[in-house]
Amino acid sequence: MNFYYAFIVCVTYLTQVSQCERLHGQIYSSIEGSAACFRRLNGTHQMGCSSSDGGAVGIVQMIKDVEDAQWIIKNSSSGPYVAVVSTSLFQSVINLLIDDPSNVAGVLLYDNGTMRPSSFSQESKCPNEYSAAPGSTCSSSGETVWNTKGTGLLRKDIPFPIFFVPDSKTDEIEKIEKCYNRYNLDKSNQVGVPLCSVQLHSFMYAAVNTAVCLRRSASSAFLTPTKVCDPLGDYNVYYSLFPRAQENETERRPVTFVTARIDSASLFDGVSPGTASSVVGMVTLISTAATLSKMIPVADEKLYANNILWTLFNGESFDYIGSQRVAYDISRGSWPPVNPLSLSDIKLHVEIGQLGGSLDLYKDNVSWPLYAFTGNVLAQEIIEFLNDMTQTGNLTVSPILTTNLPPSSLHSFKRILNVTDMPELLLVDHRETFTNMYYESALDVSDTIDYVYHNLTVGSGGEFIPTSELLSKGNMTDKEPQVKISRIANALAQTLYKRVTGKPFVGVVDTSAHMVDEMLQCFLETSSCRLLQAADFMSADQNKADGPASLYVGVATWASTPAVYAGHLLALLTGVHLDNNKTVCDELSEPGFSYYYLRGWNNTGVCIQTTMNFSQAVSPAFIKTDYDFTSNEFSTWTESVWQTMWARVFVTAGGSGAKLAGITGAMATIIAAFITYWLSVNSAVVFASSIDAPNP
Amino acid sequence: MTLAEFFSCTLLAFGPPLAMFAMTIAKDPVRIIIMIAAAFFWLLSFLVSSLVWFIVVPLRSYLAFGMVFAVAFQEIFRYFIYLLLRKTEAGLKEISDNNEISSHKLEMAYVSGLGFGSMSGAFALVNVLADSVGPGTLGLQNGTEFFFVSSAAMTLCMILLNTFWSVIFFNGMDEKNYKKIFWVVGSHFLVSGISLMNTKGLYVFTILPSYIILVITAITAFKCAGGNIASVLNSCFSKA
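Protein chains in written order, with the UniProt record's numbering: chain P, 1 to 696; chain V, 1 to 240.
Please note that the accuracy of each hint is not assured.
[Unchecked claim] What follows is a set of in silico ranges between Cβ atoms, one per label pair, in the way DEER data are often shown: (1) P/N365 to V/Q141: 47 to 55 Å; (2) V/V215 to P/P159: 35 to 43 Å; (3) V/A64 to P/E177: 34 to 42 Å.
Please keep in mind that the hints were generated in silico from the structure rather than gathered at the bench.
Note that the Cβ used here is the ideal one computed from N, Cα and C, for glycine as well.
So here's chain V without its partners, still in its complex pose:
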């Protein structure tokens, strides 16, 4: 049962991002570069937050403390990517032989968001996946065997959220619409705060609100990118 657990959890967490990558990013080397760069920026934010955690010895055992700094640094580094991409946009356009690159303003936001989220997801889940190989599962002290699937679901949620957050964030920065920025940072804190409840083994109560936030964020991102119900209907209609 344990290898099945490992592979199915991997599929749940990384299947959708992989599909998205394969269909939208893999064909274009410049997009891959942007994605890797974004992943690297997430690693930098991770490094800085771990340094803070390491320096402030007395608060180490408090999860909430580390969490606050981690979220803050991730958002700061999201801003850094934004700055970087807007500065290099023209250059990237020139080296690319794909004319379509950056035809949409938020395309880079989507690509970098996916890179940012994938790296955070990989770091969140890799330890858990290593232990999912077995032979044991949670349950000796607290928790149940659904720990692994809920971890994978939560990781997927975070990867997708990061993707959409980047889209909203970039759009908000472009439009100087600080409500959108506030939503990104605020919902990031909210989801992370909800995840603290996992220590009590209440998996449903963390996953459900997180996915509700994910849906809201996805719709917001969709709107930011210029989509609306009419355009969806339009596309269906034009197809038919």
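Chain P on its own, in the form it takes in the complex:
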């Protein structure tokens, strides 16, 4: 030991100045930026991963091919192992490891941006299968499935922890590989030698199922409340073209219900990009709403007898939390809280479903074929709607008549409100099976739709460059996703205009691909983008995370950002901008409107009058008293509580150091004891010359 090193170290520690590296820092190196798989529970099962209380320690084994995984299970001499595997091999080895986990301590999954697999989805083959409406034929065990590439890992109880290292953190994998190459390459000799190892810590407090964990959460030990799980949930966002607050029971305007979803999911905490799973649909809805609000000023509301109600559902990945709650609240007449909607008010339900999956397929084409699932009766309203849409936008929207609807909020309305004859339409870009190969996974990133941000200047009043100008100037080509999405939004807006006013739109308002470009950047690349900065509260500080927000719904006790972002964007892009300062703005209270004092385009603050509002997206299962969690009526998802999640790499001792210390320690002690004994017995003789007392 470095004697004075320890001394310095000790002083360093005491004075909180860390100029000298602690021994701990030389032994361990934490794997930064990794995201852990965690545990979720539903009414009957637990799903996801958990490590043991102290974390799982395993010897590093880089998985270069399937044989390496088989070697861990069958031929390894030591163990347990942590398999370090890339996303391209993950799907082929994970089931091997799960089926025989006795020698597997955990899995460290890393993403290599240059070598992505052609498909990657941990969602089941039939997402939300058990919350599907009658008429659905998708069955995970059957032939016809939506998500053909789904492995269902998201709905499995995994016996070991899994950590995900994103593409931006490849240096962490290089660090592990360097250590692996130094110690672990000799596979035949792994007993009694130092080995490169990894510790994964992600201990989950909850277990069994939602009912059990809620019961445990309600108990308290020694007056300390313990909580082991939280219900999933967040907020839905809704906004009506015209305020509905002053309408009464008799003269209520019928509405067209236009919906999309906010959330996506993945196996890993904080990694839910959801590009083609949800973002494109959500951006299409917001763009459409923004366009329509320019076509029909809210001041003209008295002229029209129809209204549009836009709603963004949250938590749809987990048995339609958001839409189930809205449907349940409509059934008991309490949504929206002001002037609740009744089912008869809804004349048409248009869901903007999963869009974007086929954008990569059609990246060299101007066209982007869409499909409209309409139930098995083609109502007049729908025929009209589709006709208007195809004509105004020069799009191909093929109707598909079937009761087997892809996963969407329509299932919730059909199930909970027993809707049978309401005209409904689900707009997607796939036919029998998903075109999105990364459905609800960590790899559903902006590359899947070939999105490239253009970084064009937004005018000081929030003016976007019209699509036609972008195309004529060559800023964008009409094969780009921004342009394609803006065309759909534009066609939808014009179709909805006709539904509200009864006549085709003749003005010059157009959905700008520039706006779509900016909005996609906010949800796909970074939350500190122009639009979200302008849509933020004036009072908020401007520090936002570098990356995009995770679109995972999260737990109900903790509001997550995506719904807030979406709501604020709707307010900013559709609301009326008033010339008021903050104090006046805060005092305004016209019924039916909310007032937000946002940052605005030039950071000076702007008072926005909007009908946008938030409503709780927590499953009815958690508000109904005495709900039977096994009844499968509503979503029962909960998420386990955990304390910390971390991973670190280090070298484990082979044991020769301990053996050496043990042997020399025992010998030294015996020798010292012997000499001391001998000297103390014979001290009178040995040290005779210098003893004061006379020698007896």
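We have chain P already, so just place chain V on it with the hints.
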């Protein structure tokens, strides 16, 4: 493997001092008091050297700088114990019901040296032992898994050296033999200097010279206490 490492390293570093304590000190309360007092003096020297280290900000990152002050202050405080013990000798003799106490002039030197060394050993090793519990060991950046055993061996060396240094130091002060004092201070600097090489991971090259110095110091201390080969043979002979 990691708990084994912790216990075996503890045994290596503190086993011999513990045996010495149990056989020579534990039975006499006055000796225990002296030992604890010496340990306290080591702590004081540690406090002063850390203050110096803390005040002189620009030299903090240089290990050698801190080391020089630490060694100097330890030797100064060894002198303080010497002064204290020689002043209180008579008093201690009176309160003790053991007549044998202080029958040998260097007995107190041995007891205080062991206390001084044990405390320094405890401080040197406690951080290392805390990390030896695992699950990791050195090797990710530099060093090997033999770091812990060599730390323990080095700590044992320092504890024993401190014990013998005290004996030589007290004897040197009594006899006004400044060569002995010089050897104590000089070898203390030398061993500490050698230990700086540990940053390069050359454990054998620090432990071996340190133990050679330990053997020389032990023989010197033995001689200072009045032992010699003849007396050893004498004791063997008288036994036989």
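- Note whether the CB distance of V/A64 and P/E177 lies within 34 to 42 Å or breaks it. With a Cβ separation near 36 Å, V/A64 and P/E177 satisfy 34 to 42 Å, so the hint holds.
- Regarding P/N365 and V/Q141, is the given constraint of 47 to 55 Å on their beta-carbon distance met? 53 Å, holds
- Quick one: are V/V215 and P/P159 within 35 to 43 Å, going by C-beta? 56 Å, violated
In the structure shown, a violation is registered for the earlier hint numbered 2 alone.
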